[in-house]
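Taking the hints into account, I'd like the entire structure generated from these sequences.
Here is how the chains run, residue by residue.
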Amino acid sequence: DGGITQSPKYLFRKEGQNVTLSCEQNLNHDAMYWYRQDPGQGLRLIYYSQIVNDFQKGDIAEGYSVSREKKESFPLTVTSAQKNPTAFYLCASQKGAYPSYEQYFGPGTRLTVT
Amino acid sequence: GQSLEQPSEVTAVEGAIVQINCTYQTSGFYGLSWYQQHDGGAPTFLSYNALDGLEETGRFSSFLSRSDSYGYLLLQELQMKDSASYFCAVNAGNMLTFGGGTRLMVKP
Chain A
1 DGGITQSPKY
11 LFRKEGQNVT
21 LSCEQNLNHD
31 AMYWYRQDPG
41 QGLRLIYYSQ
51 IVNDFQKGDI
61 AEGYSVSREK
71 KESFPLTVTS
81 AQKNPTAFYL
91 CASQKGAYPS
101 YEQYFGPGTR
111 LTVT
Chain B
1 GQSLEQPSEV
11 TAVEGAIVQI
21 NCTYQTSGFY
31 GLSWYQQHDG
41 GAPTFLSYNA
51 LDGLEETGRF
61 SSFLSRSDSY
71 GYLLLQELQM
81 KDSASYFCAV
91 NAGNMLTFGG
101 GTRLMVKP
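From first to last, the protein sequence lines stand for chains A and B.
Our numbering numbers the first residue of the first sequence as 1 and each following residue consecutively.
Our numbering numbers the first residue of the second sequence as 1 and each following residue consecutively.
It is worth saying that the hints were derived from the structure and are not from the lab.
Careful, some of the hints might be misleading.
Label pairs and their computed distance ranges (CB to CB) [claimed, not checked]:
id, chain 1, residue 1, chain 2, residue 2, range
1, B, Leu-51, A, Thr-79, 41 to 47 Å
2, B, Ser-27, A, Ile-51, 20 to 26 Å
3, A, Pro-107, B, Gly-15, 28 to 34 Å
Treat the numbers as computed from the prediction; the structure is a model and nothing was measured.
Here a beta-carbon is modelled for each residue, glycine too, at the ideal position from N, C-alpha and C.
As structure tokens, then:
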């Protein structure tokens, strides 16, 4: 079955540590996205990539980094520079890069930093 | 930039019809999408309007008025499983900007 996988589902880290969240898709989609969702809030775009080896900052990129070395994979690193990293992180993909309207989401990773 | 406004909560009874409104301000606009998200789950795509008018998909319909920068999602014959959060999202080209979401509670 095609889809998007994110691992792990729950992640706990100590303050000051970098942590990398995994996102893999086997849908052969071109574009991939990372969103952050805080309780009771909407989704905010962190980074997106429309093609391998290229990515752009979203609205809240500070304290995060990404890579896109393979079409299937778009890992997100939450660095120690991110002031409030505890959140629900969602990865999404889309068949074409443009226009953007139907995105497929992974199950999410809930990150808790203490 | 983009901004979207949705009501934070809506309550309705099973079998009823409910409308969730969305107004937006955007520097670029190609269309309006709607997503559903159950608690703790992933958002799933419901519908998309690029042109003015009503799009119908089963019990769900979505409407867009580009001149009014306004859209709505209409849910008919409400079921308990429709209790979820609903997000409108503006398509400004190669990305989506999401509203804050409307939490729909369906009561028996």
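* **Status of the given 41 to 47 Å range, CB of Thr-79(A) versus CB of Leu-51(B)** => Holds - the Cβ-Cβ distance for Leu-51(B) and Thr-79(A), about 42 Å, lies within 41 to 47 Å.
* To do: Note whether the CB distance of Ser-27(B) and Ile-51(A) lies within 20 to 26 Å or breaks it.
  => 24 Å, holds
* Asked: That 28 to 34 Å hint for Pro-107(A) and Gly-15(B) (C-beta), does it hold up?
  -> 31 Å, holds
Every hint from the earlier list agrees with this structure, and none is contradicted.
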